[in-house]
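**Student:** Sequence:
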Amino acid sequence: FIDAVVSRLIPNDELGPGAREAGVTAFIDRQLGGPYGRAQTWYMQGPWREGSEEQGYQLKLAPAEVYRTAIQDIDEYCRRTYGSKKFVQLDAQTQDKVLHGLEKGDIKLARISAKQFFDILWHNTQEGFLSDPMYGGNKDFAGWKLIGFPGPRYNYVAEIGDYGKRYAMAPVGITGRDPRKQVT
Numbered sequence: 004f005i006d007a008v009v010s011r012l013i014p015n016d017e018l019g020p021g022a023r024e025a026g027v028t029a030f031i032d033r034q035l036g037g038p039y040g041r042a043q044t045w046y047m048q049g050p051w052r053e054g055s056e057e058q059g060y061q062l063k064l065a066p067a068e069v070y071r072t073a074i075q076d077i078d079e080y081c082r083r084t085y086g087s088k089k090f091v092q093l094d095a096q097t098q099d100k101v102l103h104g105l106e107k108g109d110i111k112l113a114r115i116s117a118k119q120f121f122d123i124l125w126h127n128t129q130e131g132f133l134s135d136p137m138y139g140g141n142k143d144f145a146g147w148k149l150i151g152f153p154g155p156r157y158n159y160v161a162e163i164g165d166y167g168k169r170y171a172m173a174p175v176g177i178t179g180r181d182p183r184k185q186v187t
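Each residue of the sequence shown is one higher than the one before, starting from 4 at the first, in the numbering used here.
Please note that a few of the clues may not be correct.
[Claimed, not checked] Okay, derived cross-link-like pairs now, SDA-like style, lysine to any residue, Cα gap no bigger than 20 Å in a straight line:
#	residue 1	residue 2
1	K168	P155
2	K118	G108
3	K111	D99
4	K148	G176
5	K148	Q129
6	K88	A7
7	K111	L62
8	K168	Y157
9	K63	G49
10	K111	Q98
11	K88	T72
12	K89	L112
13	K111	Q61
14	K100	R82
15	K118	Q129
16	K111	Q75
Just so you know, these hints were derived from the structure itself, not from any lab.
Work out the full structure, taking the sequences as your base and the hints as a guide.
**Tutor:** What follows is the structure in structure tokens.
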């Protein structure tokens, strides 16, 4: 499910690899299997009221539970709506239609808000595409290359006065630094 969704949210195109190719599925899987997925350091005692966006995460379920519940509900919606097919069995155009319905909240899921789930999923997809590769996504710096981010370099002193000039060094991550390698 996640592999199919992220490939629709950030598709592979002429600008470069998409989310699937950049390892976003692995990123999300790792996040859901760790402290984030368990909401390990979050206050999860309630009260459970409808909150505003400024109040942050307000769901009773930890993120991993949100994903499990929403995926089941979305597949059930797809089976009812599209002739016994799960989301991954739908063609790309129909998958996009379902994702737009989730994004707008037009699709009603049985146990969770479609819009809330989509917001979490979209946020996690962006994180996986743009985070440091050490976390499992952004394989080969695909996201950073797309936006022109050079990574967490320790020193830009030589470039301080080069306003508007393209920075021609290849991106580096937290665990891998090779400042002499040029962008090809």
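**Student:** Taking the hints in turn, state whether each one holds.
**Tutor:** Hints and how they fare:
1. Distance check on the hinted pair: K168 and P155 sit about 18 Å apart at the alpha-carbon level, within 20 Å; holds.
2. A C-alpha spacing of about 5 Å is found between K118 and G108, which places the hinted pair at or below 20 Å, so the restraint holds.
3. Note on K111 and D99: the hinted pairing holds, with a Cα-Cα distance of about 16 Å set against a maximum of 20 Å.
4. For the hint pairing K148 with G176, the CA-to-CA distance comes to about 12 Å; that is within 20 Å, so the pair holds.
5. For the hint pairing K148 with Q129, the CA-to-CA distance comes to about 14 Å; that is within 20 Å, so the pair holds.
6. Distance hint between K88 and A7 is fulfilled; the C-alpha atoms sit about 14 Å from each other, no more than 20 Å.
7. Pair hint K111 plus L62 holds up; C-alpha atoms about 17 Å apart against a cutoff of 20 Å.
8. For the suggested pair K168 and Y157, the alpha carbons sit about 19 Å apart, so the restraint of at most 20 Å is met.
9. For the hint linking K63 to G49, the alpha-carbon distance of about 7 Å falls within 20 Å, and the restraint holds.
10. The suggested pairing of K111 with Q98 holds, with an alpha-carbon distance near 16 Å, which does not exceed 20 Å.
11. A C-alpha spacing of about 18 Å is found between K88 and T72, which places the hinted pair at or below 20 Å, so the restraint holds.
12. Distance check on the hinted pair: K89 and L112 sit about 14 Å apart at the alpha-carbon level, within 20 Å; holds.
13. Taking the CA atoms of K111 and Q61, the gap is near 19 Å; set against the 20 Å cutoff, the hint holds.
14. Among the hinted pairs, K100 with R82 is consistent with the structure: their alpha-carbon atoms are about 14 Å apart, no more than 20 Å.
15. Distance hint between K118 and Q129 is fulfilled; the C-alpha atoms sit about 16 Å from each other, no more than 20 Å.
16. Pair hint K111 plus Q75 holds up; C-alpha atoms about 13 Å apart against a cutoff of 20 Å.
Consistency with the previously given hints is maintained throughout, with no hint failing.
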